[in-house]
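Using the sequences and the accompanying hints, generate a full structural model.
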Amino acid sequence: MTGIVALYIFMLAAFTGYEVIAKVPVILHTPLMSGSNFVHGIVLVGAMAALGHADSGLEKTIGFIGVLLAAGNAAGGYVVTERMLEMFKSSGNRPKPGAH
Amino acid sequence: MDAAAVGLLIQASYFVTAFLFIMGLKRMSSPVTARSGIVWAGAGMLVATLFSFFEPGIGNYPLIIAAIVIGTAVAWISGKRVAVTNMPQMIALYNGMGGGAAAAIAAVELYRGEQLPLTVGTLAVIGGIIGAVSFSGSLVAFGKLQGLIRKAWRFGGQQFVNLLILGSALVLGGMVAAGYNISPGMVTGFFALALLLGLTMTLPIGGADMPVVISLYNALTGLAVAFEGFVLGNAAMIIAGTVVGSAGTLLTQLMARAMNRSLGNVLFSGFGDTGSTVAAGEVKGSMKPIEASDVGVMMAFAQKVIVVPGYGMAVAQAQHKVWELCQLLIERGVQVRFAIHPVAGRMPGHMNVLLAEAGVPYDLIADLDEVNGEFETTDVALIIGANDVVNPVARNDKSSPIYGMPILNADKAKNVIVIKRGQGAGFSGVENALFYLDNTRMLYGDGQAAVAQLIQAVKAV
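One line per chain: the protein sequences are A and B, in this order. Each step along the first sequence adds one to the number in the numbering used here, with nothing skipped, and position 13 is 13. Add 100 to the 1-based position in the second sequence for the numbering used here, that's all there is to it.
It should be emphasised that the hints constitute simulated quantities derived from the structure, not laboratory data. Backbone N, C-alpha and C fix where the C-beta goes; we use that ideal spot for every residue, glycine too.
Stretch-level coverage of chain B by chain A, calculated; a stretch enters the list once three of its residues show a Cβ under 8 Å from a Cβ in chain A:
no. : segment
1   : 116-124
2   : 133-146
3   : 179-193
4   : 208-216
5   : 316-323
6   : 335-348
7   : 456-466
Here you go:
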């Protein structure tokens, strides 16, 4: 990937992130923050590459910690976001109060 | 398959991942599709992770697998177990882990001691410092919300010291990036300073401002991931990291605006500290108590009731009881709505999650702009566990530290009932003028017990 292409990707992705969030209602701020927290768990693939190419003991140790942390970011982010979003239901999806 | 074909396959998998992430985030921004959004994003993560195992030239598979298994298991279990009230600090913790991982990638690249091209080295250093600050800063945020760190830690000239640390880290990092006499000691020093900066930046910020800080670090982690993506030539990391970086920045601004604070104000001033003593304004009048049975009658025969929940309700675990009470009222034909202030709970939207947990349909929940015009035609406004967000001094008392913060106009309702444990000021330490108004009555007691009494009272009508 050449530098200028990477720069284009950077710019377009920045606009995408802005547009995707721009119209979000307040009620979804916390789940969305948690969801985007999950998305940067993609750092896992980078950490895997770093550990995969590590040679010395120091590099391996740091790489191991990196993969460990990244996996925690991805897994924890997913579970917490999923639990939050699971709760969002409209009154159409559930029996009306009092209706038996 | 030859290496070129495998490389192409991995690139293709990252393309799919980037698509799934963006679609997932898009779906998460509407309550109707939100549930499926995280599943889409999750699928993207799975695809990228699986294909990354086939990257040509990597080894250390036992270490990689062991780290993934341990990290996933610990985070998965803790994420499943955490109570909904404590989710904000878990987000902080997981976010810090991501920042730490980005810093670790930078560290592996820099410790290797090979001369990196200047741009690559610079990006590794910038990503490293941002990631390390996000890591230690998020840990402090976690500690504060979890109640492990209780005091805001301040001293004179703090901003200057922070600037000094940042400057030194940048100088060391610049030397490492430029390949000037690199020694492992310099790299270590660089990361130590960056981690220290995260601590000294976050420790002075009070607990009330932590949500904004967590959101900011979330955006920063995204940026760090994007920068390390440049270093590794990994498009999935660049795209996902940048999307989170910009979305997170916007989210941070929205949150700060909802609290009527600027980001600079949050980061560089002391307000928001739970321990600070703010001079309480003089409030005339007295608080007038009321019995639960009277409130029950009042609500049962009301046309319209608006419930204003605050974090106190969540702490008392009263949201299920509150919803039970509201269902009784709805059965009687009372119009019920929930009014949510943008900063109710510990994060914008946190209260909605708590109410959703109790089973309240989201179409009964209204935000500030939607509901504020309705208080004037409301018979009963039931305030439970909320304080500063309904304090009318924010509208009219220029000397008050919360002056200018948008509030819910609960004081405009015909009757205001405040459920409160005792007499005391809110999170900001500001006396609440609402409690002393002529149309306000205080129902003292623990949130859950008080609402249980109200349920009995409404049933008895």
